[in-house]
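This is what each chain is made of:
There are 2 protein chains.
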Amino acid sequence: MKCFSIDLGGTHATCGLVEDDRILASETLDVENAGSLARILPRLAESLKRLGGGKIPHEGEVSGVAIGLPVIVDFYRGKALGCNGKYFDSHEVDLQSWGQESLGLPLFVENDARMALLGEAYAGAGRGFRDIVMITLGTGIGGVAMIEGKLLRGKHAQAGCIGGHLPVKFDGRKCTCGAVGCAEAEASGWSLPLIVNEWTGIADSSLCRYENIGFRELFREAARGDRSACEIRDRCLRVWAAVAVGLVHAYDPEIVILGGGVMKSADAILPYIKSHVQKYAWTPWGKVEVRAAELGDNAALLGAIPMVAEAKA
Amino acid sequence: MKCFSIDLGGTHATCGLVEDDRILASETLDVENAGSLARILPRLAESLKRLGGGKIPHEGEVSGVAIGLPVIVDFYRGKALGCNGKYFDSHEVDLQSWGQESLGLPLFVENDARMALLGEAYAGAGRGFRDIVMITLGTGIGGVAMIEGKLLRGKHAQAGCIGGHLPVKFDGRKCTCGAVGCAEAEASGWSLPLIVNEWTGIADSSLCRYENIGFRELFREAARGDRSACEIRDRCLRVWAAVAVGLVHAYDPEIVILGGGVMKSADAILPYIKSHVQKYAWTPWGKVEVRAAELGDNAALLGAIPMVAEAKA
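First to last, the sequence lines map onto chains A and B. Just so we're aligned, residue 360 is where the first sequence starts under the working numbering, counting upward by one. Just so we're aligned, residue 360 is where the second sequence starts under the working numbering, counting upward by one.
All clues stand as given, with none of them false.
Remember, identical chains collapse to one label, so a pair may be satisfied in a single copy or spanning two.
Within a straight-line C-alpha distance of at most 25 Å, the following computed SDA-like cross-link-like pairs (lysine to any residue) qualify:
1. Lys533 to Arg594
2. Lys509 to Trp644
3. Lys414 to Ala384
4. Lys533 to Asn556
5. Lys514 to Ala672
6. Lys671 to Pro416
7. Lys514 to Ala668
8. Lys509 to Arg436
9. Lys671 to Glu507
10. Lys438 to Arg402
11. Lys408 to Asp656
12. Lys671 to Ile415
13. Lys438 to Gln455
14. Lys514 to Gly645
15. Lys361 to Glu418
16. Lys509 to Asp433
17. Lys623 to Arg586
18. Lys509 to Gly437
19. Lys514 to Glu669
20. Lys646 to Gly441
21. Lys671 to His450
22. Lys646 to Asp433
23. Lys646 to Glu451
24. Lys514 to Arg489
25. Lys514 to His635
The hints are simulated quantities; they were obtained by calculation from the structure and are not laboratory data.
Given the sequences, and given the hints that come with them, work out the whole structure.
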């Protein structure tokens with residue numbers, strides 16, 4: 360099966376033409392910091408046309424277009440629902456009509472983290488498993504669940520997809536989603552600078568040298584022995600481990616897959632979370648597998664085939 | 360439909376004969392602090408015989424026996440799995456054979472908190488809803504989920520039933536389940552005395568007068584204005600509110616039902632949790648309903664009919 364696949368992130372959009380578990384061609388566009396979805400649709404259509412060799416192939420050649428959006432998505436109705444600051448107009452855009460009128464192809468929408476899990480399950484670290492939790496550590500934290508081979512979606516399309524918003528500190532920091540002490544609010548790309556800024560003893564830390572502090576800088580300075588960096592790194596690891604245990608308790612998976620940009624420092628993260636989950640999660644049946652994602656930025660693109668297959672089944 | 364129903368708690372077992380949403384007769388037995396399941400089975404059989412008017416009715420009259428156990432249960436295989444200190448031998452007892460040989464009736468087993476949710480969904484606060492989270496506040500904390508009218512069970516029968524073990528404090532107290540900072544470890548009947556004991560300023564508190572401190576005593580002294588009691592009560596409310604938000608984010612319900620013995624102080628609990636969930640949970644579709652359970656100690660007993668109906672479907 361061949362599909363177009365679009366992974367819309369906060370700052371980049373990646374468009375691909377995929378066949379089964381291979382990406383035949385792809386290109387990445389800069390998008391202006393996740394503003395208006397309506398405004399970038401024409402650019403996406405042009406990109407798909409380029410990938411199609413100068414034209415959009417008809418439905419006989421390509422089965423459809425799968426789009427992952429960083430918002431809550433109702434897959435069954437093919438609609439974006441609530442956003443959390445990203446693509447503010449996504450719930451107003453009639454994606455189905457755009458698919459038909461501009462592309463002449465059936466179009467399917469899903470939450471981007473769910474689509475990445477589909478990709479890892481189909482062609483990556485989750486192959487052979489049907490009960491999977493995937494956690495993506497990045498600007499935000501994604502937490503997605505597949506149970507018995509099916510994505511968990513729930514009544515309002517929110518079940519099993521906002522695991523980064525489990526409260527891991529009941530008296531914690533305010534989250535952008537409105538809740539308190541969410542994992543995202545306690546250890547993610549957006550909350551890290553706030554945490555660093557308020558850290559006791561930060562004035563003496565080498566972290567102060569950076570204008571924009573991210574996990575790359577945090578892990579680098581921790582590896583060099585900076586005390587505050589070590590403390591903050593260790594606190595982040597405990598937050599991520601807690602959300603992993605929470606998701607294991609919530610969804611009962613065989614495997615937890617860790618992905619996202621922060622996993623570029625996997626050496627500093629994976630052993631800790633694996634050991635914590637296997638030691639502390641309550642799983643009388645045995646031990647949960649904990650693995651790094653394998654597909655990197657391609658995970659969501661490769662989720663297109665199982666996604667379109669489910670929609671057409 | 361008529362069924363026998365057994366709710367096995369930590370200190371009491373309640374046996375009932377139920378017809379649809381009515382309990383025709385019931386009796387409660389003392390059980391010696393949740394020790395051996397094998398040892399109390401003969402007493403349960405005697406109780407059912409008494410409820411049957413001196414004999415166990417045959418399958419034409421009574422459709423089966425539904426049992427709720429305070430352990431992880433595999434409903435499909437009719438087997439208890441892991442326990443957490445309660446009924447240590449429950450996974451070794453062949454309940455199916457006991458049902459056939461001692462009762463001559465088909466027997467179905469489920470986790471007690473799941474069975475209570477079934478009861479509330481069928482005949483209590485959850486009527487008319489198909490997407491439900493139920494939280495039971497008692498010696499432990501139960502957290503159970505129904506999605507699209509079906510209990511969530513998962514790969515190893517643990518999904519959607521150990522919501523009291525979501526970590527709400529990533530650097531918190533060790534839980535009896537092995538994990539860290541579970542809601543249960545931070546605000547439940549068993550952890551309350553430990554928390555009180557370590558509270559700063561507790562020496563000056565009226566709580567010190569009690570040998571056994573439970574939520575009844577805590578709420579009483581807080582209502583009288585004792586400072587430590589107020590602080591600890593407020594902390595417990597925040598823990599419960601956080602686990603409610605966590606379960607809403609995990610399972611996407613329309614309604615959260617609060618039950619369990621601690622809800623005898625519902626006046627002090629329900630308004631706080633309702634307000635917190637409706638204010639802080641990320642639910643762009645609308646507001647989650649938050650209600651007190653209606654069936655009290657009868658919830659699990661009344662779960663028998665939907666449970667047997669599902670098993671026989």
